[in-house]
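Engineer: Listed here are the chains, written in short residue letters.
There are 2 protein chains.
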Amino acid sequence: MIKIAYFGSLKTRFVKSGVERYCKWLKPYVNLSLLELKSGGDINREPVESIQKKEAAALLKKVKSEELIILDEGGEALTSKGFSTIIKNRQVTSRELFFAIGGYTGFHEDVKRSASKILSLSRMTFTHEMALLLLTEQIYRSMKIIKGEKYHY
Amino acid sequence: MIKIAYFGSLKTRFVKSGVERYCKWLKPYVNLSLLELKSGGDINREPVESIQKKEAAALLKKVKSEELIILDEGGEALTSKGFSTIIKNRQVTSRELFFAIGGYTGFHEDVKRSASKILSLSRMTFTHEMALLLLTEQIYRSMKIIKGEKYHY
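The listed protein sequences correspond, in order, to chains A and B.
For the first sequence, the residue numbers in our numbering are 113 to 265.
For the second sequence, the residue numbers in our numbering are 113 to 265.
Chain A extracted, bound-state conformation:
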């Protein structure tokens, strides 16, 4: 099982369809479990630090024995091949992976300290929804790379 947590709801139809598609395609390889967490607050009304703290508490409560990997613009940029190594190692260490996509204000230092890796999908900024779509696609691509199978289309 691979878990992915994100803050805020998944409200865009095409993103939902895309994520569902990759979850379905991933079934023969691994179960993806999506975890929707409540946004820590409104950035126009609350200080960033307070929002980040609430989100950190909500997230870290959910992480048990899994390896926490967070997605952050300032993180390490991997190629698809490099990313697939992380997915592959999971089978070696038999430690489950827990990915987390940051909210609008990004992650609190507590989360960064708890994470085993900080990855960046792109230097560009995306919504949490697009990040989720990209991440599920890259996990699917990883499986194809690991199995040496063709990625059709």
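There's no promise every hint is true.
Any copy will do: because identical chains look the same in the list, a pair fits if it lies in one copy or spans two.
[What the hints assert, rightly or not] Think about it this way: if two alpha-carbon atoms lie no more than 30 Å apart in a straight line, the pair counts; the simulated DSS-like pairs of lysine-lysine are:
{"hint": "1", "residue 1": "Lys123", "residue 2": "Lys136"}
{"hint": "2", "residue 1": "Lys193", "residue 2": "Lys256"}
{"hint": "3", "residue 1": "Lys229", "residue 2": "Lys193"}
{"hint": "4", "residue 1": "Lys259", "residue 2": "Lys200"}
{"hint": "5", "residue 1": "Lys262", "residue 2": "Lys166"}
{"hint": "6", "residue 1": "Lys256", "residue 2": "Lys174"}
{"hint": "7", "residue 1": "Lys165", "residue 2": "Lys262"}
If you are wondering where the hints come from, they were derived from the structure by calculation, not from laboratory data.
Start from chain A and add chain B according to the hints.
Structural biologist: Relative to chain A, chain B alone:
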């Protein structure tokens, strides 16, 4: 008008919906024109060079006075802010932009030489469809950045 050319068809439903959504949202700012070009051949049957040459010819025939910007994994990785500068400069130079997304085999040297810029959306590999989705989203995000408007959600 901003043109985006890509090789191969747009067959994935959720990608189509997403691209249509951003095209619609972009209407008040700029017209996006999508140009679907035929793939240069089957990589299992033809040498890469020959496929790339055919795609280069097809693409370069379409570029008139526009500034050609190609997306390639080896290109420059910009932030969303940096990317928006390119979109903004278009209004200054009044030269239209012509983006091109490579096919499975990537771009021929002729195309790279003709391009004013080579950009990379991510170090990760995506299908041409996902690249198109990301690109339209970033053009929309650029418009919001340029106008100083909020990107809701």
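Engineer: None of the hints should be skipped; say for each whether it holds.
Structural biologist: Results for each hint:
1. Lys123 to Lys136: both (19 Å within a copy, 18 Å between copies)
2. Lys193 to Lys256: within (11 Å within a copy, 33 Å between copies)
3. Lys229 to Lys193: both (16 Å within a copy, 25 Å between copies)
4. Lys259 to Lys200: within (10 Å within a copy, 44 Å between copies)
5. Lys262 to Lys166: between (42 Å within a copy, 24 Å between copies)
6. Lys256 to Lys174: Close inside one copy (29 Å), not across copies (35 Å); limit 30 Å.
7. Lys165 to Lys262: between (43 Å within a copy, 24 Å between copies)
In this structure, none of the earlier numbered hints is contradicted; all agree with it.
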